[in-house]
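**Q** All chains should be built: construct the whole structure from the sequences, respecting the hints.
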Amino acid sequence: MTRLPLIAAAAAAAALACAGCSANPDDGQDRIWEDEALEEGDAPTPGAPADRSDRVTMIAGEYRVAGVDGAEVDLPHAITLSIDDATIRFVSDCVTGTWRYAFEGDLLATRGVSEEACERAPYPAEEGLQAAFDAGGSFVRTPANALLFTGGRHTVTLFSQ
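The sequence shown begins at 0 in numbering that gives the first Met the number 0 and counts up by one.
Hints should not be assumed to be uniformly reliable.
Stated by the list, open to error - Label-pair restraints from in silico Cβ distances:
| id | residue 1 | residue 2 | range |
| --- | --- | --- | --- |
| 1 | 112 | 152 | 19 to 27 Å |
| 2 | 143 | 79 | 17 to 25 Å |
| 3 | 63 | 84 | 15 to 23 Å |
| 4 | 134 | 55 | 15 to 23 Å |
| 5 | 77 | 144 | 16 to 24 Å |
| 6 | 103 | 73 | 32 to 40 Å |
For the record, the hints were derived by calculation from the structure and aren't laboratory data.
All of these numbers come straight from a predicted model, not from anything done at the bench.
Quick reminder that beta carbons are idealized off the backbone N, C-alpha and C, glycines included.
**A** What follows is the structure, encoded as structure tokens:
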């Protein structure tokens with residue numbers, strides 16, 4: 000009988016400890032910029048999302064896909080990915096994928112563009128990459144200067160070429 004009040008007290012303490020937790024993706028307005036270095040004396044401005052052109056500049060470029068879902072890409076060929084001001088496109092041998100994108104707050108919304116299918120089945124790394132960008136998500140810069148995209152339950156690690 001004395002265990003019940005202890006369990007109730009522990010549950011109440013856990014609820015209070017997590018009162019500041021939030022699953023709302025709109026919290027933390029500039030999540031995409033959270034690891035960007037600030038000039039000495041600068042401070043981030045809460046609630047002031049970056050301009051779209053700044054975000055496009057951050058992600059635009061030519062990349063080598065180094066990892067998918069935390070695993071190194073180990074294929075007989077490279078997977079490359081290009082991002083311009085409106086399109087994300089990857090090429091992996093004969094498997095390709097293209098998405099149009101737009102920023103919605105601090106998240107990247109994507110819409111797939113249909114393309115002809117390859118004769119072979121996609122490798123797991125190609126499937127994970129496609130699933131990540133189909134879901135949309137967000138980019139962050141890693142300490143190793145990689146661009147890490149998280150979409151749905153998938154991650155894609157990109158290095159500049």
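**Q** Look at each hint and say if it fits the structure.
**A** Going down the list of hints, with the structure as the test:
1. 112 / 152: 19 to 27 Å: Given a distance of about 23 Å, which is inside 19 to 27 Å, the answer is holds.
2. 143 / 79: 17 to 25 Å: Hint holds: Cβ distance 19 Å, inside 17 to 25 Å.
3. 63 / 84: 15 to 23 Å: holds (21 Å)
4. 134 / 55: 15 to 23 Å: holds (20 Å)
5. 77 / 144: 16 to 24 Å: For residue 144 against residue 77, whose Cβ atoms are near 19 Å apart, the range 16 to 24 Å holds.
6. 103 / 73: 32 to 40 Å: holds (34 Å)
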